[in-house]
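Chains as they are written, first to last, in the numbering used here: chain H, 1 to 113; chain Y, 1 to 114.
Hints are computed from structural coordinates only; laboratory data are not their basis. Careful, some of the hints might be misleading.
[What the hints assert, rightly or not] Among the chain Y residues that face chain H by a calculated CB cut under 8 Å, a handful are: (1) F34; (2) H43; (3) L44; (4) L46; (5) K49; (6) F90; (7) E100; (8) K101; (9) L102; (10) F104; (11) G105; (12) T106; (13) G107.
[As the list claims (entries may be wrong)] Pairs of lysine-lysine, DSS-like flavour, derived with a Cα cap of 30 Å: (14) H:K17 / H:K65; (15) Y:K61 / Y:K49; (16) H:K18 / H:K69; (17) Y:K49 / H:K57; (18) Y:K49 / H:K71; (19) Y:K71 / Y:K61.
[Stated by the list, open to error] With the Cβ distance kept under 8 Å, some of the chain H side facing chain Y (calculated, not the full set): (20) L43; (21) R94; (22) E101.
Even glycine gets a Cβ: it sits at the ideal position worked out from N, Cα and C.
Take a look at the letters that make up each chain.
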Amino acid sequence: EAQVTQNPRYLITVTGKKLTVTCSQNMNHEYMSWYRQDPGLGLRQIYYSMNVEVTDKGDVPEGYKVSRKEKRNFPLILESPSPNQTSLYFCASRGPDRVREQYFGPGTRLTVT
Amino acid sequence: AQSVSQHNHHVILSEAASLELGCNYSYGGTVNLFWYVQYPGQHLQLLLKYFSGDPLVKGIKGFEAEFIKSKFSFNLRKPSVQWSDTAEYFCAVTTNFGNEKLTFGTGTRLTIIP
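Extracted from the complex, chain H is given alone in its bound form (with noise of 0.2 Å):
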């Protein structure tokens, strides 16, 4: 089944301790993205991936790196993380045509305390 999978689902940690989200699709698209979804502001773009070794800032990036070594993974790291940091994380994959919609994983709830 063609997806995009996100870990964890579910993560509450505490201001500074540094966390990972993992990231993976099976439909060998080359762009991948991070979103981050917020009352009232709809989902914004934090960093995006047009193929391996090719990563670049969206809207939101401050906070948040990100790695592409291979195709399929794109994780999002938050080397010191904060309270407005607290967000619901959408990790998405596109293929090559520029029409086709982009795939979203399950989402993952952070919250920082």
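Assemble chain Y onto chain H, guided by the hints.
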């Protein structure tokens, strides 16, 4: 940069009522338009998309949307809603240049009363 506006933040309807959710975008060039739905506790699913051709597009679950280029609009419609349509609906746009990010509207929460 492109932006998307969804003016209805929360819509409450009775079952069998007709639905229209507004979506306007701002971008001077060619756009691809999408409606996504997020059921409670679930991830986003594509309802329908427009990239060219017939401006009236049909999607899943009886939804349709009409692209009106002169009004920069892509409104979502359904003639008769069901309780199971209760969800949050997001309009989104991409362009054919640069980062292929989806720019989302802030969403419309739809509540259907049985």
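Hints, one by one, checked against the model:
1. F34: 6 Å, holds
2. H43: Since chain H brings a Cβ to about 5 Å from H43 of chain Y, closer than 8 Å, the hint holds.
3. L44: At about 4 Å, which falls below the 8 Å cut-off, the nearest Cβ of chain H leaves the hint on L44 of chain Y intact, so it holds.
4. L46: Cβ of L46 of chain Y sits 5 Å from chain H, so the hint holds.
5. K49: Status holds, d = 6 Å.
6. F90: 6 Å, holds
7. E100: 6 Å, holds
8. K101: The hint holds - K101 of chain Y has a Cβ within 8 Å of chain H, the shortest such distance being about 4 Å.
9. L102: 6 Å, holds
10. F104: 4 Å, holds
11. G105: Hint holds; G105 of chain Y Cβ to chain H Cβ min 6 Å, cut 8 Å.
12. T106: The hint holds - T106 of chain Y has a Cβ within 8 Å of chain H, the shortest such distance being about 4 Å.
13. G107: OK, holds: G107 of chain Y within 8 Å of chain H, min 5 Å.
14. H:K17 / H:K65: Satisfied, since the Cα-Cα distance of roughly 14 Å is no more than 30 Å.
15. Y:K61 / Y:K49: 14 Å, holds
16. H:K18 / H:K69: 20 Å, holds
17. Y:K49 / H:K57: Holds, at about 26 Å.
18. Y:K49 / H:K71: 26 Å, holds
19. Y:K71 / Y:K61: 26 Å, holds
20. L43: 4 Å, holds
21. R94: Where the cut-off is 8 Å and the nearest Cβ of chain Y is about 7 Å from R94 of chain H, the hint holds.
22. E101: With a closest approach of 5 Å, the E101 of chain H hint holds.
Comparing the model with each numbered hint stated earlier shows that all of them hold.
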